[in-house]
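Work out the full structure, taking the sequences as your base and the hints as a guide.
The sequence shown maps to residues 288 to 457 in our numbering.
These aren't lab readings, by the way, just hints derived from the structure by calculation.
One thing to keep in mind: the hints can contain errors.
Listed below are the simulated SDA-like cross-link pairs for lysine to any residue, each with C-alpha atoms no more than 20 angstroms apart in a straight line [to be verified]:
{"hint": "1", "residue 1": "Lys426", "residue 2": "Leu453"}
{"hint": "2", "residue 1": "Lys354", "residue 2": "Lys429"}
{"hint": "3", "residue 1": "Lys354", "residue 2": "Ala402"}
{"hint": "4", "residue 1": "Lys323", "residue 2": "Thr349"}
{"hint": "5", "residue 1": "Lys426", "residue 2": "Leu394"}
{"hint": "6", "residue 1": "Lys338", "residue 2": "Asn447"}
{"hint": "7", "residue 1": "Lys338", "residue 2": "Phe415"}
{"hint": "8", "residue 1": "Lys323", "residue 2": "Phe455"}
{"hint": "9", "residue 1": "Lys429", "residue 2": "Phe390"}
{"hint": "10", "residue 1": "Lys323", "residue 2": "Val353"}
{"hint": "11", "residue 1": "Lys409", "residue 2": "Phe371"}
{"hint": "12", "residue 1": "Lys426", "residue 2": "Gly396"}
{"hint": "13", "residue 1": "Lys429", "residue 2": "Leu453"}
{"hint": "14", "residue 1": "Lys338", "residue 2": "Pro389"}
{"hint": "15", "residue 1": "Lys409", "residue 2": "Leu367"}
{"hint": "16", "residue 1": "Lys354", "residue 2": "Phe397"}
{"hint": "17", "residue 1": "Lys354", "residue 2": "Pro389"}
{"hint": "18", "residue 1": "Lys354", "residue 2": "Phe430"}
{"hint": "19", "residue 1": "Lys338", "residue 2": "Gly433"}
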Amino acid sequence: FLHKLSYMKTKITLTTILLLLFGTFTANISGQNKVKYLGEVDVGYSIGVGKELAYSSFGAQTVHGVKIGDYFSTGVGVALTRYFYVSETFVPVTLNLKGYLPFREDLTGFVYVDAGWGFGLKSDVSGFNISSGVGVAYKIFKFQLGYSNQRIHSTGLGHNGISLRLGFIF
288 FLHKLSYMKT KITLTTILLL LFGTFTANIS GQNKVKYLGE VDVGYSIGVG KELAYSSFGA
348 QTVHGVKIGD YFSTGVGVAL TRYFYVSETF VPVTLNLKGY LPFREDLTGF VYVDAGWGFG
408 LKSDVSGFNI SSGVGVAYKI FKFQLGYSNQ RIHSTGLGHN GISLRLGFIF
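Pasting the structure below:
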């Protein structure tokens with residue numbers, strides 16, 4: 288058991304380091320733009336769809352990174368996703384990319400992609416995790432609608448879901 292836990296921690300640490308390096312590199316190549324810290328926290332519900340593991344889930348995520356100018360941000364995200372009807376919680380560690388379309392000073396639309404690796408908390412299952420969608424931010428509040436997929440490496444199966452998320456930007 289301790290060997291599996293150590294292996295999982297090593298994978299999480301390496302994934303986090305790689306994502307942070309990529310985010311720093313992306314921020315540095317845009318040196319002419321205004322770069323500032325961006326943090327987000329959100330919670331949401333995902334409705335399982337498809338023929339494979341169509342379980343609904345509840346999750347919470349935090350993303351920390353940089354906003355580059357008015358139109359782009361990148362960061363590292365960590366989430367907890369609890370799947371209903373199975374006794375597993377996944378911890379996805381992802382790279383978050385967002386493109387923004389400002390409507391007004393306090394109202395902005397956005398598209399996002401999160402990609403990384405999800406680890407099971409209770410077992411050694413893990414796999415590629417990706418989600419994408421659209422959203423709107425009003426002042427410090429945000430709402431997003433998206434599609435997510437958590438692959439399970441050992442089985443080749445995956446969970447697909449349509450998600451609704453609410454959160455805060457700071």
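These are the hints, each one checked on the structure:
1. Lys426 - Leu453: At roughly 13 angstroms apart (the allowed maximum being 20 angstroms), Leu453 and Lys426 satisfy the hint.
2. Lys354 - Lys429: holds (15 angstroms)
3. Lys354 - Ala402: holds (18 angstroms)
4. Lys323 - Thr349: holds (17 angstroms)
5. Lys426 - Leu394: holds (7 angstroms)
6. Lys338 - Asn447: The given pair, whose Cα atoms are some 9 angstroms apart, holds under the 20 angstroms limit.
7. Lys338 - Phe415: holds (18 angstroms)
8. Lys323 - Phe455: Since the Cα atoms of Lys323 and Phe455 sit roughly 17 angstroms apart, the hinted pair holds (cutoff 20 angstroms).
9. Lys429 - Phe390: Since the Cα atoms of Lys429 and Phe390 sit roughly 14 angstroms apart, the hinted pair holds (cutoff 20 angstroms).
10. Lys323 - Val353: Judged against 20 angstroms, a Cα distance of about 5 angstroms means the pair holds.
11. Lys409 - Phe371: holds (14 angstroms)
12. Lys426 - Gly396: Cα-Cα ~12 angstroms, so holds.
13. Lys429 - Leu453: holds (6 angstroms)
14. Lys338 - Pro389: Roughly 38 angstroms between the alpha carbons, so the hint for Lys338 and Pro389 is violated.
15. Lys409 - Leu367: holds (12 angstroms)
16. Lys354 - Phe397: holds (13 angstroms)
17. Lys354 - Pro389: holds (13 angstroms)
18. Lys354 - Phe430: Measuring from Cα to Cα gives roughly 18 angstroms; hence the hint holds.
19. Lys338 - Gly433: Holds, at about 19 angstroms.
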